[in-house]
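Enquirer: The task is simple: from the sequences and hints, build the whole structure.
Protein chains: 2
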Amino acid sequence: MRIDVALLPESGIKGDVSDTVCIVLDIFRATSSMITAISNGSRSIIPVSSIEDAYRAAEQLADPLLAGERQSIRIEGFHFGNSPFEFSADKVRDKTIVMTTTNGTIAIKTAEHAFLTLLGSFINARAVCQAAKRQKRDILLICAGTDGMFSLEDSLCAGLLVDIINTDGSYALTDAALGVHVLYKGAGAALGEIAGKGRNGKRLADLGLQKEIDYCLRADSVTAVPVYREGKITACTL
Amino acid sequence: MRIDVALLPESGIKGDVSDTVCIVLDIFRATSSMITAISNGSRSIIPVSSIEDAYRAAEQLADPLLAGERQSIRIEGFHFGNSPFEFSADKVRDKTIVMTTTNGTIAIKTAEHAFLTLLGSFINARAVCQAAKRQKRDILLICAGTDGMFSLEDSLCAGLLVDIINTDGSYALTDAALGVHVLYKGAGAALGEIAGKGRNGKRLADLGLQKEIDYCLRADSVTAVPVYREGKITACTL
Chain A
1 MRIDVALLPE
11 SGIKGDVSDT
21 VCIVLDIFRA
31 TSSMITAISN
41 GSRSIIPVSS
51 IEDAYRAAEQ
61 LADPLLAGER
71 QSIRIEGFHF
81 GNSPFEFSAD
91 KVRDKTIVMT
101 TTNGTIAIKT
111 AEHAFLTLLG
121 SFINARAVCQ
131 AAKRQKRDIL
141 LICAGTDGMF
151 SLEDSLCAGL
161 LVDIINTDGS
171 YALTDAALGV
181 HVLYKGAGAA
191 LGEIAGKGRN
201 GKRLADLGLQ
211 KEIDYCLRAD
221 SVTAVPVYRE
231 GKITACTL
Chain B
1 MRIDVALLPE
11 SGIKGDVSDT
21 VCIVLDIFRA
31 TSSMITAISN
41 GSRSIIPVSS
51 IEDAYRAAEQ
61 LADPLLAGER
71 QSIRIEGFHF
81 GNSPFEFSAD
91 KVRDKTIVMT
101 TTNGTIAIKT
111 AEHAFLTLLG
121 SFINARAVCQ
131 AAKRQKRDIL
141 LICAGTDGMF
151 SLEDSLCAGL
161 LVDIINTDGS
171 YALTDAALGV
181 HVLYKGAGAA
191 LGEIAGKGRN
201 GKRLADLGLQ
211 KEIDYCLRAD
221 SVTAVPVYRE
231 GKITACTL
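Protein chains in written order, with this note's numbering: chain A, 1 to 238; chain B, 1 to 238.
One or more of the hints may lead you astray.
Remember, identical chains collapse to one label, so a pair may be satisfied in a single copy or spanning two.
Okay, derived cross-link-like pairs now, DSS-like style, lysine-lysine, Cα gap no bigger than 27 angstroms in a straight line [what the hints assert, rightly or not]:
1) K109 <-> K211
2) K136 <-> K202
3) K185 <-> K197
4) K202 <-> K14
Read the hints as simulated data drawn from the structure, not as lab findings.
Expert: As structure tokens, then:
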């Protein structure tokens with residue numbers, strides 16, 4: 001079995017993934033927020049790319065919540081922006097959320113023909129790795145990046161996941177998997193500081209959102225593992 | 001001024017590079033061999049993709065040498081394969097070499113509209129960085145990769161170059177530049193061992209070419225800086 005990493009969704013996914021478990025990573029903040037919402041009891045999340053698609057998806061649903069932001073500001077008329085802190089249990093339990101994200105949605109959809117598509121972040125690192133390993137198949141970690149560019153925090157998280165998955169050395173690592181693992185190990189205790197130097201980290205810090213950065217980078221605070229299937233994200237029970 | 005890294009030529013080069021200095025890296029072994037040949041007095045190198053293109057280019061030249069390999073074996077009728085050790089001064093001085101490489105040539109050609117396109121490797125790391133810095137422009141390090149996939153040794157070298165170029169902290173680093181720098185620092189004294197775990201490193205080791213690996217990873221053994229311009233690689237005099 002093998003672990004590979006797509007450092008960008010567009011460049012990394014080559015060939016057939018129908019027998020591969022994909023884990024999509026968009027640390028700041030799409031997958032961190034989605035995992036939080038599922039962890040807090042949301043019934044399902046519909047990821048869409050545009051505001052128009054969000055309204056179209058919402059029309060098909062009874063009592064949906066809308067989530068999304070543009071330039072870090074909540075879209076007018078939507079219930080949530082894109083902060084994981086907004087998706088508290090009292091607001092999301094048993095609810096369906098239509099969430100518009102750009103990079104996260106693109107990355108999730110590139111993996112839709114995978115054997116299994118899971119959502120990962122630092123916050124559910126160990127849990128998502130356990131779910132992936134149980135499938136006893138090749139694993140592909142997909143870094144969402146930002147507007148087609150490499151994102152530091154996504155690859156740092158990919159390195160942590162390689163570290164957890166391959167503790168016993170039973171997987172072969174591609175060059176990209178070796179690279180993110182050395183990157184993660186090299187960051188060490190300075191991981192938060194290093195992730196904060198990246199474009200997204202700096203942008204969030206400039207917006208006064210250091211607490212969100214800290215939350216998104218804290219490993220293993222939840223055990224929820226969202227799975228994407230047929231247009232919908234739900235809690236993985238595999 | 002800014003340092004960016006294209007982790008793969010196809011995905012990393014977005015936008016206009018006409019005011020950017022590009023440094024192309026294909027450590028195992030295209031740029032290492034080309035730098036060696038220029039260092040040993042080769043007048044120029046014509047990089048081409050196919051054997052047919054090599055013969056076509058050679059027809060236009062007086063007394064050309066042909067270099068290239070397929071599956072690590074010298075092409076029949078060619079003077080050289082792709083080992084840096086073949087391009088010794090007694091063989092290449094004042095000669096023009098037509099060299100067929102796949103990944104290296106693709107990467108070089110993606111940078112042909114750059115302000116300046118230099119060839120880098122560990123072996124000329126300091127020299128190529130000095131030449132790039134003298135231009136006082138943005139710098140883009142282009143990792144050739146292998147058949148469209150990320151190569152560990154190219155990104156490790158990119159990390160060394162970021163380290164040398166930005167000693168004084170005067171450049172802004174993109175996420176990719178930050179990432180390869182942390183990767184390079186994380187590898188530390190184990191760099192040779194880590195690069196040897198990559199796909200290309202393993203392939204060369206399996207062919208009994210450990211001495212070539214060691215040569216290609218040894219920093220600053222030469223001072224030659226090849227420049228690519230209008231289809232031709234020559235010694236940079238800027």
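Enquirer: If a hint holds in the structure, say so; if it doesn't, say that too.
Expert: Consistency of the hints with the structure:
1. Taking the shortest Cα distances, K109 and K211 never come within 27 angstroms of each other, neither inside one copy (29 angstroms) nor across copies (45 angstroms).
2. For a Cα distance limit of 27 angstroms, the shortest separation of K136 from K202 across copies, 25 angstroms, qualifies, whereas the shortest one inside one copy, 38 angstroms, does not.
3. Both within a single protomer and between protomers do K185 and K197 lie at most 27 angstroms apart by alpha-carbon distance, with minima of 17 angstroms and 16 angstroms respectively.
4. For a Cα distance limit of 27 angstroms, the shortest separation of K202 from K14 across copies, 22 angstroms, qualifies, whereas the shortest one inside one copy, 32 angstroms, does not.
Checked against the numbered hints given earlier, this structure breaks only hint 1.
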